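Novice: For the record, the sequence lines run as chains S, L, D, A, F and V. Numbering-wise, numbering that gives the first Met the number 0 puts 313 at position 314 of the first sequence, and it's gapless, one number per residue. Numbering-wise, numbering that gives the first Met the number 0 puts 125 at position 126 of the second sequence, and it's gapless, one number per residue. Numbering-wise, numbering that gives the first Met the number 0 puts 362 at position 363 of the third sequence, and it's gapless, one number per residue. Numbering-wise, numbering that gives the first Met the number 0 puts 13 at position 14 of the fourth sequence, and it's gapless, one number per residue. Numbering-wise, numbering that gives the first Met the number 0 puts 1 at position 2 of the fifth sequence, and it's gapless, one number per residue. Numbering-wise, numbering that gives the first Met the number 0 puts 28 at position 29 of the sixth sequence, and it's gapless, one number per residue.
Derived from the structure by calculation, the hints contain no laboratory data. Remember, predicted model here, so these are calculated numbers, not experimental data. Ideal Cβ positions, reconstructed from N, Cα and C, are used throughout, including at glycine. Take the hints with a grain of salt, since some may be wrong.
[To be verified] Footprint (simulated), chain A over chain L, 3 or more residues, beta carbon under 8 Å: (1) 114-120; (2) 216-222; (3) 356-365.
[Stated by the list, open to error] DSS-like mimics (lysine-lysine), calculated; alpha carbons at most 27 Å apart, straight line: (4) D:K341 <-> D:K108; (5) D:K82 <-> D:K285; (6) S:K82 <-> S:K159; (7) S:K82 <-> D:K82; (8) S:K82 <-> L:K82; (9) D:K82 <-> L:K82; (10) S:K159 <-> S:K108; (11) D:K82 <-> D:K159; (12) L:K341 <-> L:K315.
[What the hints assert, rightly or not] Here are some chain V residues pointing at chain S (derived, C-beta under 7 Å): (13) I15; (14) I18; (15) S25; (16) L63; (17) V66.
One-letter residues, chain by chain:
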Amino acid sequence: MWESINSFLLSTGFMNLTGGQLLMLAVSCVLLYLGIFRKYEPLLLVPIAFGMLLTNLPLSGITDGPIGNQPGGLVYYLYQGVKLGIYPPLIFLGVGAMTDFGPLIANPKSLLLGAAAQFGIFIPFVIATYIGFDLRAAASIGIIGGADGPTAIFLTSRLKPELLGPIAIAAYSYMALVPIIQPPIMRALTTKKERAVDMGGIRQVSKTEKVVFPILVTILCGLLLPAAVPLIGALMLGNLFRETGVTDRLSDTAQHALINILTIFLGVSVGSTASAERFLNPETLKIIALGLFAFASGTAMGVIFGKIMYWVTGGKVNPLIGSAGVSAVPMAARVSQVVCQKENPGNYLLMHAMGPNVAGVIGSAIAAGVLLSVLG
Amino acid sequence: MWESINSFLLSTGFMNLTGGQLLMLAVSCVLLYLGIFRKYEPLLLVPIAFGMLLTNLPLSGITDGPIGNQPGGLVYYLYQGVKLGIYPPLIFLGVGAMTDFGPLIANPKSLLLGAAAQFGIFIPFVIATYIGFDLRAAASIGIIGGADGPTAIFLTSRLKPELLGPIAIAAYSYMALVPIIQPPIMRALTTKKERAVDMGGIRQVSKTEKVVFPILVTILCGLLLPAAVPLIGALMLGNLFRETGVTDRLSDTAQHALINILTIFLGVSVGSTASAERFLNPETLKIIALGLFAFASGTAMGVIFGKIMYWVTGGKVNPLIGSAGVSAVPMAARVSQVVCQKENPGNYLLMHAMGPNVAGVIGSAIAAGVLLSVLG
Amino acid sequence: MWESINSFLLSTGFMNLTGGQLLMLAVSCVLLYLGIFRKYEPLLLVPIAFGMLLTNLPLSGITDGPIGNQPGGLVYYLYQGVKLGIYPPLIFLGVGAMTDFGPLIANPKSLLLGAAAQFGIFIPFVIATYIGFDLRAAASIGIIGGADGPTAIFLTSRLKPELLGPIAIAAYSYMALVPIIQPPIMRALTTKKERAVDMGGIRQVSKTEKVVFPILVTILCGLLLPAAVPLIGALMLGNLFRETGVTDRLSDTAQHALINILTIFLGVSVGSTASAERFLNPETLKIIALGLFAFASGTAMGVIFGKIMYWVTGGKVNPLIGSAGVSAVPMAARVSQVVCQKENPGNYLLMHAMGPNVAGVIGSAIAAGVLLSVLG
Amino acid sequence: MDQWSLTGLGMGTVFIALIGLALVVSLFPVFFRKPEKKRVDPAPLPELNSRSAPAVSSAVGPELVAVIAAAVAASSGMAPGSFCIASVAPAQSGGGFNTPVWGHVDRLSRPANHR
Amino acid sequence: MDQWSLTGLGMGTVFIALIGLALVVSLFPVFFRKPEKKRVDPAPLPELNSRSAPAVSSAVGPELVAVIAAAVAASSGMAPGSFCIASVAPAQSGGGFNTPVWGHVDRLSRPANHR
Amino acid sequence: MDQWSLTGLGMGTVFIALIGLALVVSLFPVFFRKPEKKRVDPAPLPELNSRSAPAVSSAVGPELVAVIAAAVAASSGMAPGSFCIASVAPAQSGGGFNTPVWGHVDRLSRPANHR
Ligand code: NA
Ligand code: NA
Ligand code: NA
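Based on the provided sequences and hints, a complete structural model is requested.
Specialist: Written out as structure tokens, the structure is:
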């Protein structure tokens, strides 16, 4: 009996915990702290951090595949939805059902700013290739600058699944940090006068326009870039459910039960890829650093294009709405509003900034499609 | 670089769009229009039409299966639930949880009318075999006359999956058109006096009866026709959840989150079977025509049996409730009511028509079971 | 044609029903009666009994696996989530989101009582090995004493799936019978004075404590017993969603849409394992008998440990809260309350009994982990 | 089987099934006479502090065992009395607790939160 | 493809796509002029006993058939008139019933329960 | 392992685990003293037009980086200062925007709809 107790003791996690795993347990507790008490995108960071915690408990086998007759672990099965690219588009379905493209339709110029901010994907991508990452890893790092969780996870799961953990954590953390990362850059690149520009109200958009928009985007983007169809198509189908007025049941489920279930599954299984062996190496730090740079460069390029539009239109466009092009809906748009109101407290810029903001979602899905079709 | 841009251009959908696909994009836009603005069963037609649209965007690969290590497309995975016969019974679970069999229990004669209307399945089935369809295709076409989406999709996915697109579209479109298809037939086959018959009130049904009914139907139909168990069993389990009074949680989820999620998945993946190659051929037109004929003949046979019951009972049964036997719950029952009120405005026939209406759901599930057990 | 009608008749269930199946149909109707009209855990017993009913309708094929190109039956696919161990942890996610560990945190001594009641697992386990069950079957029978459906199903599906039917039925039935099984044992083992002990109020627990608790339990239990991670981890993640205050969306979905969907799937597929061949044998009776004994012995050992704590603390602990350690949340705690109030009507013991009650859930998950790691 | 036999078989089965059902259902009023006045409130929750509501009859315990025992006995040819569990004592106090576990957890835990 | 070409291709595609979209969307006001005053009530349910609400225009029937027939004809080179279904008679009564089936079942069955 | 050793192991593990937990939990009052008066309102939404609510402390930025850097350094034996990101400037304005993105999309888009 003593020897079986002994063998049992040797099979406990306490006896098998590596230093790296202990460190990772600490890191996941810090992420939980940031998610819960500092409210860093808690809907994603809490499941991700909990997945990290579970995967770093030794010998639990929850990420192991099936062996012979023995079934695999729980997280192994949940992870299949990430691996097969199922969760991110379906989460986008819910995001689409939550998104109002009205401000974008009212002001189609917004789309240009949503395009410009995608430099935040490609600048860090190029840099990453020069500091030693291969093209697929560099593309996965660059997509952090898309500021869009499902897009980042979709692309990374196809190109470089071993980097899923740090990339998802970087993407969601920096999205939460947008109100801290963006304002200094925005102020540095604009003059007081530019920041004070009042863009007036936005025109009202009819139901018909809102219904036609998602169908049109799907067809045009789908024809231009077939690889973007899963993301764009799902986003636009969700938006169509929202706007028809006769599919409220589907819209409601897409933006509640379905997205919440998949967010739990996605978060836990993405977090579970962050095992100590994979996560604790200098690459992770480089990813975290490049991710910050991605957000910063996207912001900067958005603002710079905003300035160009300011000049071209003779001062009618407030360049601060450019920074909202990085996505991070709706925080980046709110940052534009807050920074603007510092100069001109009565200026209600939010709706104007929502245009580039949602355009940024489309823009980064297209960028992801290009990367996927060339490298995938 | 130019050659890679060139090869990229050649990989866009614009360069690969066939005329058939362009046509199909137009057809899906028309279906979206009918679903959204004309309210043709929008909960199903919108996802189906969007699935058609997606599948006809060239090179997107969303319906491709996995190749080696490369995962399959999103819709390929969603389609598995159709292919394996999982979605339709689970959708029936929700339909059962939404259905009140009270009017049927109060008036068991209704079941006969629900049976008679199933000629609407077998008459077009026989005709289809004579105009060149094989037995499995003809059965799939006939089932359109069941006027029941999940049943039609369940049977077709097992017998003739390549016809799923046109059959699902025909089934849901004609269900939406029931108020236009049925009244002329009903008036042509009945006299003014028959249409005016007032059937009085219906008796109150106790909770015990409502609880016993689904259990009994499952056992009797299941013993008579094993192949109908998935559909009938799921329908009746959902209804049992509704009626027990102690499983409201399950009933609520079956008729909201679960049915909505599966409706999205089912609709998109059924629509995705309608690629240009498959859809654009004269067979599709024949299916559309036979589907209309199926609805018409089901209506006619229901009314004729209603007339027989009128004679047998000495004028106590209004033959207009016979047309409700085609299912298309609850529209066919409402049509009975409206046509009746034309003659006798104070006559409240709706509850009497709900009996054959829900009986028609059971009837067509049984008919599907017979077709499946012989041809499957 | 007559011969094909004949062959069709021979393929009906009526012609193929065995006496055992007829008996099982009757048993499932009785279980439905108990679930619906006597309210024996209806959320589980109704789907389980309906699954039993379906599986005993001959020739329906709903539990058959795929053969060649022919897809499997509906319940075959639903059962995969049981077989692969996916449903029970995800149901525990919802249970965690519904559970308030506050009373346990306020009174950590409760954990001892939750441990003691686990003798209710191991005493019948030992007895079962002596009356002819092998170790894996005996462990599956013992776990009935854990009074925790998902834990029992998780362990049995891994150790002895052929016993799933009787074990799940026994577990849920006896949980429903806790108010009848426990009180005589509780009164037999305690004095009037002991039963009247007033334990006062419980301290208020801060949000921070409630947030830290699930993280800590996951780490400590996960390190001690890796095999318990799926159950404990999911339970605690659900509880974390509940307590953070920033993940209410996820908590809400975990305790409604997700748990309800999986409860339906789990219930039906667990019930479907109870085919006549498997269920109708003397083993089943022994399991039912041992299950009752399991509940009784867990109750008794909980109360005995409660008495020990009564003596050690000089009469400050009411031994009646010990019986709540068997889990069966929250009924066992309510039984403690009711039995206590018989002696001392003003004594509000419920919150004190909730501590051992929820501790019992953790305790039996750990016990299941030990059994799984040694026998799995 | 040709299309006509299949049609005969199909409509025949549909009519047999639905006429059979109609016959059985038309007997319902014989078996389940009085319609209840109102739908029973789902899972009536007894007042926590009250002593009332002994809703579960004292005979409730052995039902499950009796039924399964009878089923097994009938199926295996054992004498029904040869295996006996009679010890589920009909608790005098009882208590009407038989309500869905999860629903309860939910309701119970709320007051605890707000104390 | 090296990182620079890929960047060119990527940003190029993003700009082409979004500029293209911007152009198309900026034509919206031309095609869909008047914004509606208020969002149409989702699936307006006609009063069960009223005779009003002939909301479905009488031309609604043949649309589906016409469109699909035209599509097939265009694709297969058939003469458009060679296959004809004209019998979907424009019902004078009609009735505005075209609302989601499940939603209706739900609404309809409730009064039935409470009678 | 026979049934008795397994029982010993099982009950032993259960007791060790739960006693261990009990010990740790009984230290909670030492670490987390004051119970908060009321549960914090989930994700308090700042008034869109107000300037108040700089809820996020200015030190929030570098936390994530610092922690992960320390973890990597500790694990890889690098000198902690050899890789440095110090540029997450503590924004004076800040803004309390750190709330769940989807929840917000939802809330934000509604007024836009109803304008
Ligand atoms: Na973006
Ligand atoms: Na039907
Ligand atoms: Na327990």
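Novice: Now look at each hint and say whether the structure bears it out.
Specialist: Okay, the hints, checked on the actual structure:
1. 114-120: holds (count 4)
2. 216-222: holds (count 3)
3. 356-365: holds (count 4)
4. D:K341 <-> D:K108: Given pair K341 of chain D, K108 of chain D holds - Cα atoms ~25 Å apart, limit 27 Å.
5. D:K82 <-> D:K285: 24 Å, holds
6. S:K82 <-> S:K159: OK: K82 of chain S and K159 of chain S at ~11 Å, within 27 Å.
7. S:K82 <-> D:K82: 21 Å, holds
8. S:K82 <-> L:K82: 21 Å, holds
9. D:K82 <-> L:K82: At roughly 21 Å apart (the allowed maximum being 27 Å), K82 of chain L and K82 of chain D satisfy the hint.
10. S:K159 <-> S:K108: 34 Å, violated
11. D:K82 <-> D:K159: 11 Å, holds
12. L:K341 <-> L:K315: Given pair K341 of chain L, K315 of chain L holds - Cα atoms ~19 Å apart, limit 27 Å.
13. I15: 10 Å, violated
14. I18: At 15 Å from the nearest chain S Cβ, I18 of chain V fails the 7 Å test, so the hint is violated.
15. S25: Cβ of S25 of chain V sits 21 Å from chain S, so the hint is violated.
16. L63: 5 Å, holds
17. V66: 5 Å, holds
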